[in-house]
Amino acid sequence: MSTPIETLSQKIADRLLSTQDPDLLARVNEKLAKQVRNQTAIIYYAGQMEEKIKHSLEKGLKKKFPDVLAIEFRLSPELIAGFKLAYKDYVYEDTVQQRIGHIKGLINLRK
Amino acid sequence: LYDHNAGWLISPYLLLIMEKLGIDPILILFQVINFLILLYILKRVLYQPILTILERRRTDVVKIEETKAELENAKNAMVQEKDEIIRQARIESEKLISVATQRSEQFRRQFEAETKQKANELLEKTKSELEVKAASIRGEISQEMSQVAILVAEKALGEKITDEQKQTILHDAVRRFVEK
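Protein chains in written order, with my numbering: chain A, 1 to 111; chain B, 1 to 180.
Please note that the accuracy of each hint is not assured.
[To be verified] For lysine-lysine, the following DSSO-like pairs were computed, each having C-alpha atoms within a straight-line distance of at most 30 Å:
| hint | chain 1 | residue 1 | chain 2 | residue 2 |
| --- | --- | --- | --- | --- |
| 1 | B | K68 | A | K104 |
| 2 | B | K155 | A | K104 |
| 3 | A | K52 | A | K104 |
| 4 | A | K104 | B | K180 |
| 5 | B | K160 | A | K52 |
| 6 | B | K133 | A | K54 |
| 7 | A | K34 | A | K11 |
| 8 | B | K180 | A | K62 |
| 9 | B | K180 | A | K54 |
| 10 | A | K11 | A | K52 |
| 11 | B | K118 | A | K84 |
| 12 | B | K160 | A | K84 |
| 13 | A | K52 | A | K31 |
| 14 | A | K62 | A | K84 |
| 15 | B | K160 | A | K64 |
| 16 | A | K11 | A | K62 |
| 17 | A | K59 | B | K155 |
| 18 | A | K31 | A | K59 |
Hints were generated in silico from the structure; no laboratory data involved.
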């Protein structure tokens, strides 16, 4: 049983396909893809990420940003350990590399 | 040859002796008269002009002596004046030398003081610049060492942290994010 929004989406898709206009379809596709890209959160991490942690992270992210459409996980060994989240102009980082960078900043500030 | 008082001018005995000796009194008398005439003539013609000339010369000599004395006095005065001028000139030159010496000494001292001050300023400036440069180099070395230390730490951490530790760190990070 589908929700009303899913039914509406299906109808819109069928209507678009029925036009058989490749340009229109391409434009709509591009717009939708761009929208999805803009609302995709990217999570960089080091080491292995268990599914349990992934779910926990997704849950926390959805709670903070309800408009997130997709979450992309990218392995990034240079972070050493921890994760970094980038969504639109929001960046959250809790990694070993960031802490080393913080220490580096303190050393430079001391000079 | 009659004498009013004696009765005789010349004694007859004397006349007799004179005759015996061949002396003629008359002749002697004339000779005396001649001599007196000659003496008068000589005095008028010869002695007086000579005496006049001698007097004139004596006057001239006196004048010359006076002139000489005056010249001597003038010379002495000039010598004194010259000595005074020389003395004054010497005093003046000594004063000038003294002033010049004082000024040169003052200038030398001032020049020495200025040179010393400039040298000190240059030294201080150089010292300050060297200190700044040394501090800068120390800072650069410190920064380089810090960078090296951080790189070494990053490398060491990257290699030494186990997967299990990474899992723990990731788990804690996610927990902090969710709880935030």
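A quick look at each hint next to the structure:
1. K68(B) x K104(A): violated, 115 Å
2. K155(B) x K104(A): holds, 15 Å
3. K52(A) x K104(A): Not OK: K52(A) and K104(A) at ~33 Å, beyond 30 Å, violated.
4. K104(A) x K180(B): Within the cut-off at roughly 25 Å; holds.
5. K160(B) x K52(A): holds, 25 Å
6. K133(B) x K54(A): violated, 53 Å
7. K34(A) x K11(A): Given that 30 Å is the threshold and the Cα spacing comes to 21 Å, the pair holds.
8. K180(B) x K62(A): Answer holds: K180(B) to K62(A) is near 13 Å, not above 30 Å.
9. K180(B) x K54(A): This hinted pair holds, its Cα atoms lying about 17 Å apart.
10. K11(A) x K52(A): Violated, at roughly 36 Å.
11. K118(B) x K84(A): violated, 61 Å
12. K160(B) x K84(A): holds, 21 Å
13. K52(A) x K31(A): violated, 33 Å
14. K62(A) x K84(A): Holds: K62(A) and K84(A) sit about 16 Å apart, inside 30 Å.
15. K160(B) x K64(A): Violated, at roughly 34 Å.
16. K11(A) x K62(A): holds, 27 Å
17. K59(A) x K155(B): violated, 33 Å
18. K31(A) x K59(A): The hint holds at about 27 Å.
Comparing the model with each earlier hint shows violations of hints 1, 3, 6, 10, 11, 13, 15 and 17; every other hint is respected.
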